[in-house]
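Asker: Using the hints, put the two standalone chains together into the complex.
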Amino acid sequence: MAGGAVALGAGALALVLLPLGAVAFHAGGLSLSGPDLAALRFTLTQAALSALISVTLAVPVARALARRRFPGRGLLITLMGAPFLLPVIVAVLALVTVFGRAGWLNSLGAAVGLPPVPVYGLHGVLLAHVFLNLPLAVRMILQGWLAVPSERFRLAESLGFCPADIFRHIERPMLREVLPGALATVFAICLTSFAVALTLGGGPAATTLELAIYQAVRFEFDLSHAAGLALIQTGLGAAAALAAWHLTRESGFGAGMDRPLATRAPGGWRRAGDVLVLVLAGGFLLLPLAALVTRGLPGLADLPWSVAEAALRSITVALLSALIAVSAGLSLALAVARGGPRWLELAAVLPLAASGLVLGTGLFLLIQPVLPPPRLALPVTLLVNTLMTLPFVFRLLLPEARALEAGYGRLAASLGLRGFARLRLLVLPRLARPLGFCAGLAAALSMGDLGVIALFATGREVTLPLLVQQLMGSYRTGAAAGAALVLVSLSFALFWIFDAGGRRASPR
Amino acid sequence: MRPFLAACLTCLPAFAAAETPVLTVMTYDSFTSDWGPGPAVEKAFEEVCGCDLQFITGGDGAALLARLQLEGTATGADVVLGLDTNLTAQGLASGLFAPHGQEPASGLPVDFDDAHFLPYDWGWFAFVYNKTRLETPPDSFRALAESDLKVVIQDPRSSTPGLGLLMWVKAAYGDEAPAIWSSLADNVLTVTPGWSEAYGLFVDGEADMVLSYTTSPAYHRIAEEDDSKDWAPFAEGHYLQIELGAVLASSDQPGLARDFLAFTQSPAFQSVIPETNWMYPATEIPLPEGFETHRPETSLLLGAEDAQAIRAEALAEWQAALSR
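Going down the list, the sequences are from chains A and B. Each number in my numbering comes from the position in the first sequence (counting from 1) with 64 added on. Each number in my numbering comes from the position in the second sequence (counting from 1) with 1 added on.
Isolated chain B, as found in the complex (with noise of 0.2 Å):
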């Protein structure tokens, strides 16, 4: 019984793909939500692709990645939107994924040319403060240390803002960055699982700060018509998170995979992005009105074999300084 039933099923979508071609993008939960650029962007592409897109989703970036590798070359998804630079050199080892064939894209303020990794938004990491409630933030992380302000962090094992953090103190201080984080110790008030508790502890007044994106007050401007967030510039520079597509090497679709990956860089997917993702395209176009009222000067990022070399280091560090 169990394996006629399994041929039924398997048979039924093999049915449809004779007619119309199937591609299946894995992406996160917030991606594909009514309200994220899922839906749009699936319009958008079913308009010019002659195919059917279909969403699946799996947790944050890590766990995409986690995913995949679960499902290894069985998977049935063709191409992934959400690793990010610090999943690249665990992706590429994996094996799992093809050349894209892309040009770079062009609204980095960095460079960024990898041939499998292709990226569709990025963002600055920053601390987001309430204008109402602190009118001075700290303008570095020794500020903050010598602050009495209580902040909320992410935990770098289980999300990827978290581990954004601890690249970012140590691509900003190198071998101080244990030292950093002890001074840092008695202004982290907490540590959560992910971005959705941190932040909603933060909203609810428990936090002076949380550690966010500089694109989150666009957020409550734009959306909500609340001028009260602002994130605080920090002079040892901001770390990036650029957020990436790949096509799977196993892809039955390959040529639809990277024709989904050449429209993910055109205006149509692009100009969806701010406002729905709320984080920066990944080309040149013009910004909504009030998404941006001042960037960092600095930009930092570590190079993906690095961020992998010093990922079980930085880790324990961290560790180590906040458990006393």
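Chain A with its partners taken away, still in its complex shape (with noise of 0.2 Å):
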């Protein structure tokens, strides 16, 4: 097992840094220039700011999930993973038709008086990686809460602690654990931004290394340039995961009973700040999402018949690269989980950082020599999707696989418990309820996924999010939210029976 995951992280890793050498080999070396300061400044300072605040806002949002019961919590969670499963452009015209300058907030605004709040700037751009990105920093914390046996719980109250002591010895070693993973991850991701930044940003001073990276491959075909620029956002990426690997600290709670949380949750003031959290967060995430239908349904009727077949493509897709994304990062987890080299950890957050125009075209030149590009689209597609889901199916299943070796580890060995069936009897039961979300999040992520593979596409295997953009490209912005519509739904759909199966497996 261990074997097999060493080989995984190193096959990840080479993924991220045989297309950029390949692209520097093919340009002769690597190069940068002048503005590329600017650009790295402004990529580092929002992605900087992103993360943190996105995870700063998730801490209480996923407290108020974890101690409080409602009717129509577990759909609320299920809804708030929603936007983080949108397509880049679909996010930002919903995040417009709700925040923008002729938005539903704005124009409620001016009905009672108030001065339009423009949405282009910086703050834009924050605006809309935390709408990306809340929910995942929310369900990876929740996660950690839920890792928290409830027996430590039961006994804090016993002990007659005050939400300030559970905050100091359980929440805080929780958090320790955690929130360092979390806010790589949020990191990495909003260092390739390139497509919501520049357009919420307001103009060219809002320049990440990913559109100087697409001005140098597509305009310039400066490909030494290109691979320049790579190396630091991919090198950015993996000092974030270095620093998160020397913050995080194991919580060490031990294995617990799986009984259900029985505590009684603080109440007053408490109880009413974690409904406002929830109402405010709850609002913030679902307006943009009903934004989306509000824009899409009209343009149900004038969608092509080519949508169904583009669906069905698109799932076929999803499912595979989710089946392989969970499989890999399952092995990954474990193998770190029980002490295997820290590196892999590296390998399965670098991806996220790797600029995905390099990684198409470095796949491009490593491929072409072999085979006509076009003809292995579907592959690299599956194989793409894989890579960049890797990332968060690790990051979200590393604790409970640690968790999972400190509480049973040893008993599993005692017992004699191995291969497949320590899988069947052990790892899959414990594991069902992230293993689902995972499982979910990756096949919707491959549903949206479109960025690297243009170069392999065809033009006659047209994906659903190709089919958006094409419609989009020749004036069909009706059709085109209609169809983004079916997109996000399917994905949603997908995202829902994997997380849900995943919960109901669960014995917690």
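Hints in this document: simulated from the structure, not taken from any laboratory. Treat the hints with care, since some could be wrong.
As the list claims (entries may be wrong) - Estimated spans, in silico, between C-beta atoms of each pair:
{"hint": "1", "chain 1": "A", "residue 1": "Arg105", "chain 2": "B", "residue 2": "Lys132", "range": "36 to 46 Å"}
{"hint": "2", "chain 1": "A", "residue 1": "Asp366", "chain 2": "B", "residue 2": "Ala269", "range": "26 to 36 Å"}
{"hint": "3", "chain 1": "B", "residue 1": "Asp140", "chain 2": "A", "residue 2": "Phe134", "range": "52 to 62 Å"}
Glycine included, C-beta positions come from ideal geometry on N, C-alpha and C.
Answerer: Next comes the structure, spelled out in structure tokens:
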């Protein structure tokens, strides 16, 4: 198992670094220029702020969700995952519908005589990145809360702990374990932002490294410049992953008896605070989704028939990618949890910071001498989707895998539980909840992915995101909004099926 | 195993080619979509050529050239459709293209004669607005700068219309371009990576005007029976986008490739263009009813070498003015 995980980790690293190397080799070197410094500064600023704000806001939301029970809680948790699954352009248009110059909020403000609040600028970029990443951060932190055995909270209660004591002795160690990884993940995602940053940033002041890479490849065909920029971007992602791994402290709560959490949640102002937090976060995340539905519904009537074919193709790719990504992610997480080499952690985070365009270009250069690239469109899509979703799967599974090994590793070893039996009797049941969530996330993310594959596209095998792009590119904005609604609904349905399945199969 | 697999896969089309020659045309996504010119063009050409016409797609004009440069002589494409005049200098320098041997296209508002690149359609860049929301649109860049209207434009570093606007301002104002951009800065609501995002924002009512084409209102008029959109004539004149086809020098079907470029000038190809690509045809054929209500008085176009030579400087000026 460990040998397999090492091979997987090495494979993931190779998939990030080999294409970069191929581009640099093809260009005969690396280069950078003056304006890159401005792009670097903006990229760092927005990614750091986005990560900090997303994760800071996610803590109270996750705590409220962890300690409160109310009707519709499960649905809210599932729905809150949706923004993360949106294709970028769809998310931007939905956000603008709510927050834009002519958006819902400004129209409401104008009706009561408030001046319009512009959305374009650094704050717009942050708004969008928090909208897209807050749900992911909430889920990562919520998993942490749920992984604390309920016995620890019961013990705290019997010892007469006040909320501040619970925070100091239970919640803070848990957060210490989960937050660095969450910060690094959101930071790395925002490093590669391009369309969101430019469109909501309001102009060229919001130039990110990925946009500079785009310019270098597409307009200047300066591959050495593109490779230089991509190396910086990947390096920043690696630095974030390394920092996270130094800051992470294992909480060491041990295993519990899987009894449902029956402790009393604090009342009074804390209860009111939790309600407020949930209402605000729910409104912030769900309003743009509502905008998406109202934009998309009228367009459903104009959809071409090809949408069904495209949807089928996208679902196939999504399911296959999810299967591969979850298997690989589980294998890596278990290996790291059992004390495998720590660089595996790096291998499972680095793809987040890889430049999609350089990855695509590099793969193209590597494959071209062997086969005409368009013939490999489908396998490459699968490979790249798997690589891109692996970091999420790994990050979400790692704390659970650690808890599993800490709580049951020795028992399983003493029983001689190994190989497939260990997987079937221990790992799959214990990790059913995060595995279901990860499979749903990987499938939904693979539905929306498009960037890397453009170079391999044949034009014959249209996927749903490509169809949305084609419709938008030929004035059919109404039909495009309809197709985007179909895409989001299908992504969400896949996500929901796996997530709910995982929760049902979980003993907790 | 891998060489064997590769051999098998590469042989398959070779067997097919023994019977029917295959002509591979590389073009942008929207050309080959169900509602683009692709399907009709494929059918019409296959009726006369005795060949199999296959499209491969890859992004917009600049992306096509980048991909061809990446593939070099190993490219599977015989013909490319979708480059524009801002890219021809770079294209020619790459040495990837062969002379097409056709007469110059007859239906352009300017003389355009290039041995390697043949126009198949064209259009004027223009700011499009909604007549029901804006009664008197600005009639020049200066008037736009003085107004408090908000426009959405595309980034010249990632989109061909964005680059077109850069050239438009440069062709109209030359050394004064940086001042024009500075005065326009507060009118630019935002800059998008591509045309689709910008046009989507405009249709949603987020901006008063959007950089597009004089032919954009025709789509709404003809396909959606919606007469609310129009374009604003600018006194400086309007910059042209000419979409070009070219034969790849590495093509293994050079004869067929040249036949296809000749076919792009025929009524069978040209008559499809206005209502599928929403651009002007490159030859003199009758336009569809309602396609054109007025046209610009002056056409602007920089030569291929000029466009290439001033691009970096124009880009730096644009970036500096709008970054403030």
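Asker: All hints are to be evaluated individually against the structure, with a verdict given for each.
Answerer: Here's how the hints hold up against the structure:
no.	hint	result
1	Arg105/A / Lys132/B: 36 to 46 Å	holds, 43 Å
2	Asp366/A / Ala269/B: 26 to 36 Å	holds, 28 Å
3	Asp140/B / Phe134/A: 52 to 62 Å	holds, 59 Å
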